[in-house]
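Novice: What follows is the residue order along each chain.
Number of protein chains: 2
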Amino acid sequence: MPEDRAGDPFAATRAAFALPEGLVYLDGNSLGPLPKAAKARVAAAVEAEWGGLLIRGWNEAGWIDLPARVGERIARLVGAAEGTVRAGDSTSVNLFKVLSAALALRPEGVVLSDSGNFPTDLYVAANLCRALGRELKVVAPEEVSGAVGPEVAALMLTEVDYRTGRRHDMAALTAKAHAAGALTVWDLAHSAGAFPVDLAGTGADFAVGCGYKYLNGGPGAPAFLYVAPGLQEAAAPALAGWFGHAEPFAFEPGWRPAEGIDRMLVGTPPVLSMTALDAALEVWEGVDLGAVRARSEALTRRFVEAVEARCSGIVLASPRDPAARGSQVSFRHPEGYAVMRALIERGVIGDFRAPDLMRFGFAPLYVSEADVDRAAEVLGEVLETRAWDRPEYKARAKVT
Amino acid sequence: MPEDRAGDPFAATRAAFALPEGLVYLDGNSLGPLPKAAKARVAAAVEAEWGGLLIRGWNEAGWIDLPARVGERIARLVGAAEGTVRAGDSTSVNLFKVLSAALALRPEGVVLSDSGNFPTDLYVAANLCRALGRELKVVAPEEVSGAVGPEVAALMLTEVDYRTGRRHDMAALTAKAHAAGALTVWDLAHSAGAFPVDLAGTGADFAVGCGYKYLNGGPGAPAFLYVAPGLQEAAAPALAGWFGHAEPFAFEPGWRPAEGIDRMLVGTPPVLSMTALDAALEVWEGVDLGAVRARSEALTRRFVEAVEARCSGIVLASPRDPAARGSQVSFRHPEGYAVMRALIERGVIGDFRAPDLMRFGFAPLYVSEADVDRAAEVLGEVLETRAWDRPEYKARAKVT
Chain Y
1 MPEDRAGDPF AATRAAFALP EGLVYLDGNS LGPLPKAAKA RVAAAVEAEW
51 GGLLIRGWNE AGWIDLPARV GERIARLVGA AEGTVRAGDS TSVNLFKVLS
101 AALALRPEGV VLSDSGNFPT DLYVAANLCR ALGRELKVVA PEEVSGAVGP
151 EVAALMLTEV DYRTGRRHDM AALTAKAHAA GALTVWDLAH SAGAFPVDLA
201 GTGADFAVGC GYKYLNGGPG APAFLYVAPG LQEAAAPALA GWFGHAEPFA
251 FEPGWRPAEG IDRMLVGTPP VLSMTALDAA LEVWEGVDLG AVRARSEALT
301 RRFVEAVEAR CSGIVLASPR DPAARGSQVS FRHPEGYAVM RALIERGVIG
351 DFRAPDLMRF GFAPLYVSEA DVDRAAEVLG EVLETRAWDR PEYKARAKVT
Chain D
401 MPEDRAGDPF AATRAAFALP EGLVYLDGNS LGPLPKAAKA RVAAAVEAEW
451 GGLLIRGWNE AGWIDLPARV GERIARLVGA AEGTVRAGDS TSVNLFKVLS
501 AALALRPEGV VLSDSGNFPT DLYVAANLCR ALGRELKVVA PEEVSGAVGP
551 EVAALMLTEV DYRTGRRHDM AALTAKAHAA GALTVWDLAH SAGAFPVDLA
601 GTGADFAVGC GYKYLNGGPG APAFLYVAPG LQEAAAPALA GWFGHAEPFA
651 FEPGWRPAEG IDRMLVGTPP VLSMTALDAA LEVWEGVDLG AVRARSEALT
701 RRFVEAVEAR CSGIVLASPR DPAARGSQVS FRHPEGYAVM RALIERGVIG
751 DFRAPDLMRF GFAPLYVSEA DVDRAAEVLG EVLETRAWDR PEYKARAKVT
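From first to last, the protein sequence lines stand for chains Y and D. Under the working numbering, residues 1 to 400 are what the first sequence spells out, in order. Under the working numbering, residues 401 to 800 are what the second sequence spells out, in order.
There could be a bad hint or two in this list.
Stated by the list, open to error - Once the Cα atoms are required to be at most 30 Å apart in a straight line, the calculated DSS-like pairs of lysine-lysine come out as: (1) K39/Y with K537/D; (2) K137/Y with K176/Y; (3) K36/Y with K436/D; (4) K36/Y with K439/D; (5) K39/Y with K439/D; (6) K798/D with K39/Y; (7) K439/D with K798/D; (8) K798/D with K436/D; (9) K398/Y with K439/D.
Claimed, not checked - Derived coverage of chain D by chain Y (criterion: at least 3 residues anywhere in the stretch with Cβ under 8 Å from a Cβ of chain Y; other residues may be distant): (10) 418-426; (11) 519-530.
Hints listed in this document are in silico derivations from the structure and should not be mistaken for laboratory results. All C-beta atoms in this analysis are idealised placements derived from N, C-alpha and C, irrespective of residue type, glycine included.
Make a model of the complete structure from these sequences and hints.
Specialist: Structure follows, in structure tokens:
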């Protein structure tokens, strides 16, 4: 990882992003900012590749290799071996694929999840279970470990709670699930790019993750999925299509899955969005994830301390121990939505999650100590002056 | 539709595309060319929206409305009422959604399809049927009508055969399926934008289609799906996620489908690719689909006549009657792959489908009579001089 003149190894990564001047961006846990490389690469994909090569782009611009190329770039960030990660589709669709593959391998038993899971994961599981005549069991996050037993076919969890940042113990829960005969399905939406993930080391069976949060792939960027090497040849997802066929361009009438992880691909990938994600991942080259984690803990600790020293009327919703949380910090305030709107208008961008959570994400690649201090200062002012108490801040937008 | 000075109503639409100088592009049935509007819109989505607005783009740039906005633009092209079409995901994923919804509405009976269907459709159906313990029955295209009976739950067909351009009679087959108690699922991949489709008038139940062929949405552009108004409130696809929830940003733990067609959305849409498709659809504004069809028939007829007058050793694989085919023409040649490579090197781009089909697509928005004549002339030369007979033309690329 290149260091800049001042010895800050993250100055170079920060410079790789086109961040608007003067903005404190603490919402990279929802949408990462634009990497400069992505801007150039997408323009080239549109003009030179689509416009100039037309159909020849599939071979000559390597569009056909994007799911694998992007997947392999992500593999390193989540501790996965080569040939175990592929990119494409949305996180929800990928979750459906891997969960249906897990249930095909475990034809009896329930899907166990928790109420701290991101809602779409629960929706995907509920609808899949209804179609298959299976059962989804949802318990409180702290009850998950005790609920793992022989009746569980698949343990489906999001490692980091999207509201509070609370982290599950992936290694311990995976071991417990395996001891009970269950397969694990991990959602790494708030993990990948936020801290080192060790899919291979923990023995996770299946995983999915998001391309547009800490990976900075752009709005609605394609997601990724992981299948452990030992399960790939047996994986039979309910959703499979021609990009997962052994020979897509042989146009055979019958289904014949590709060897290994490629069988998890389905339809034609959205090349422009895939290209943006591919370019965004270049920023990670040479970046040490241990250093990312250390910086994340330092930034979140600094924020919690500054806010608690400066502000009253808000309550920390995240675990106080940095080791127990991801790379975000959430505070509760009864008028959290209006407070966040006031912050955004003052150039400090976080977001809000019902009913009362203000979320602040600290992506070490581009968030600085000065950002942290400025955010705490503005939050203090907004609360102290009740600047949030205006009708226009309370009117909810379509997307929160 | 604006006419240019010479009275050609398609001169204006042709001018809307950034076609490379001197190229005859007859592969719009596989990947449409770059509309000039898409280039500008994608650049703005990257720089001003993602880069400048960041997370605020969901509300302020209207990203959240893309699935509906793009869907409504497509609706007019396929004869669908407002509120019946949504864009997003790949064609394969959309097919999975609507077929699973059809099978939930018809819990008994088989899926009937034909061997002329695009392979991914058969793969999607086969894998879904395996997961659900249902049966997929595949017959020859000419046997479909006779095979529709009371044991059929869903009739799943692609209207236009991707190899030959042969068209099914959507109205007659839909009526026959309904009389037998079956639901219909139509794939309009080679129909939408190629000729007028009348989903509402034929009474089709479900449909899907492709964004990157005649709709020119860019490589891997998001696809679309259609659900007839009377089926929407009962539709319960096996694959459903938060964008299909009644209130995605209420983050409720339980699944509660949105009213109407929006319940068919799943995950976060790929905004950059959706934006390109949205911009590409602007070209269609004011375009009369009847005129498109008339021009398509004229262009394909002109090509067949010119080729048959000029070339020997190749056999027409498409129906001779223009009314019986889509907007493409295919010829068989034992060395079709090498012939097509020779054509492409000479600036005439079509494509090849195993085992021996050379496909030529005639998208009326930008293909001219001069293109048709030039393509036939070059094809004649290549065949006459055996210019295709070179090893480098016979070596197969990854994507054909």
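Novice: Please go over all the hints and tell whether each is borne out by the structure.
Specialist: Consistency of the hints with the structure:
| no. | hint | result |
| --- | --- | --- |
| 1 | K39/Y with K537/D | violated (47 Å) |
| 2 | K137/Y with K176/Y | holds (17 Å) |
| 3 | K36/Y with K436/D | holds (23 Å) |
| 4 | K36/Y with K439/D | holds (18 Å) |
| 5 | K39/Y with K439/D | holds (13 Å) |
| 6 | K798/D with K39/Y | holds (28 Å) |
| 7 | K439/D with K798/D | holds (27 Å) |
| 8 | K798/D with K436/D | holds (29 Å) |
| 9 | K398/Y with K439/D | holds (28 Å) |
| 10 | 418-426 | holds (count 4) |
| 11 | 519-530 | holds (count 9) |
In this structure, the one hint that does not hold is number 1.
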